[in-house]
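Participant: As a plain string of letters, each chain reads:
Number of protein chains: 2
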Amino acid sequence: MSEGGGSVRGMDETELTRRAASDYVERLERRDWAELTALLAEDVVYEMPQTRERISGRPAFLRFNIEYPGDWHLGIRRVVADGRLAALWLDVRVGTERQDACVWLEVSDAGLISRVVDYWPEPYEPPPGREHLVERW
Amino acid sequence: MSEGGGSVRGMDETELTRRAASDYVERLERRDWAELTALLAEDVVYEMPQTRERISGRPAFLRFNIEYPGDWHLGIRRVVADGRLAALWLDVRVGTERQDACVWLEVSDAGLISRVVDYWPEPYEPPPGREHLVERW
Numbered sequence: 001m002s003e004g005g006g007s008v009r010g011m012d013e014t015e016l017t018r019r020a021a022s023d024y025v026e027r028l029e030r031r032d033w034a035e036l037t038a039l040l041a042e043d044v045v046y047e048m049p050q051t052r053e054r055i056s057g058r059p060a061f062l063r064f065n066i067e068y069p070g071d072w073h074l075g076i077r078r079v080v081a082d083g084r085l086a087a088l089w090l091d092v093r094v095g096t097e098r099q100d101a102c103v104w105l106e107v108s109d110a111g112l113i114s115r116v117v118d119y120w121p122e123p124y125e126p127p128p129g130r131e132h133l134v135e136r137w
Numbered sequence: 138m139s140e141g142g143g144s145v146r147g148m149d150e151t152e153l154t155r156r157a158a159s160d161y162v163e164r165l166e167r168r169d170w171a172e173l174t175a176l177l178a179e180d181v182v183y184e185m186p187q188t189r190e191r192i193s194g195r196p197a198f199l200r201f202n203i204e205y206p207g208d209w210h211l212g213i214r215r216v217v218a219d220g221r222l223a224a225l226w227l228d229v230r231v232g233t234e235r236q237d238a239c240v241w242l243e244v245s246d247a248g249l250i251s252r253v254v255d256y257w258p259e260p261y262e263p264p265p266g267r268e269h270l271v272e273r274w
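Protein sequences appear in the order of chains A and U. Mapping of the first sequence onto the numbering used here: position 52 corresponds to residue 52, and the numbering continues sequentially without gaps. If you want the numbering used here, it's the 1-based position in the second sequence plus 137.
Rather than coming from a laboratory, the hints here were simulated on the basis of the structure. Be aware that one or more of the hints could be misleading.
Stated by the list, open to error - So, partial list: chain U residues that the calculated Cβ filter (under 8 Å) puts toward chain A:
1. Trp170
2. Glu172
3. Pro186
4. Arg189
5. Glu190
6. Ala218
7. Ala223
8. Cys239
9. Leu270
Just so it is clear, CB atoms sit at the ideal spot from N, CA and C, and this is done for glycine as well.
Isolated chain A, as found in the complex:
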């Protein structure tokens, strides 16, 4: 998207969404707030269902990311893009800790990210009763 309208001519909706999803992660990782802003709809909504938190609007969402504590780093494990929807499977590192994240994106008519839903699954011990079926790693 950063190259402007001309270079995206001929790309279909799914390809534009895939690029928006990849750029989103890459610009967050670079702390490139100007380029990140250019990717977000003005009325973007960010939700974390696990904590039932919602952030509304580009300024607040940018502030949230700018203020987010720790030396966090994001890597893409998988991008799945489909029309104006995408799912991102992320590898997140903060210092020596790592966590996976699952992110659900929606892209507007204008190709801007309009909704982001983040899940941050934590490790847990498996319940008993299925040891005969599983291996652990």
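Given chain A's structure and the hints, the job is docking chain U onto it.
Facilitator: Frame of chain A; chain U shown alone:
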């Protein structure tokens, strides 16, 4: 996929994957183990990264689902399909409890589900320091 090769002629890879993803949930929900079997590669691998558990092969994966305790019900919140990859955002209910799940699927050459990675994110309390940016629901 259950309709056989003829009826899927003309569907592209993404549409076949989308159907496999939807059918996967729908057949699990119906406990239709025969139809679920028909959807799975013989060497399907199922992983839960949060517990570092892996189940290998169709018989063990079927057994895991058949034996899974509780009156569980699955609803699809979103399917994102992309070539041979799909992501499923599920609404899971067990009795009066509900939880979201994020599922990453891979589909083989033959249109069968060859890898399933499940995340089961749990609710948690948000850390302090971002109350000025968020609303709770």
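Participant: Are the hints correct? Go through all of them and say.
Facilitator: Here is what the structure says about each hint:
Among the interface hints, the one on tryptophan 170(U) is violated; its C-beta lies about 15 Å from the nearest C-beta in chain A, farther than the 8 Å criterion. For glutamate 172(U), the shortest C-beta to C-beta distance to chain A is roughly 21 Å, which exceeds 8 Å, and the interface hint is violated. Below 8 Å, beta-carbon pairs count as interface contacts, and proline 186(U) has one with chain A at about 6 Å; its hint therefore holds. Annotation: arginine 189(U) was flagged as interfacial toward chain A, and the flag holds, the nearest CB pair being 5 Å apart, inside 8 Å.
Hint on glutamate 190(U) holds. Least Cβ distance to chain A is approximately 4 Å, under the 8 Å limit. With 8 Å as the threshold, the beta carbon of alanine 218(U) comes within range of chain A, its nearest partner Cβ sitting at about 5 Å, so the hint holds. Interface restraint check: alanine 223(U) against chain A, minimum CB-CB distance 7 Å, threshold 8 Å, status holds. At about 4 Å, the closest approach between the beta carbon of cysteine 239(U) and any beta carbon in chain A falls short of 8 Å, and the interface hint on this residue holds.
About 5 Å separates the beta-carbon of leucine 270(U) from the nearest beta-carbon of chain A, less than 8 Å, and the hint is met.
Checked against the numbered hints listed earlier, the structure breaks hints 1 and 2; every other hint is satisfied.
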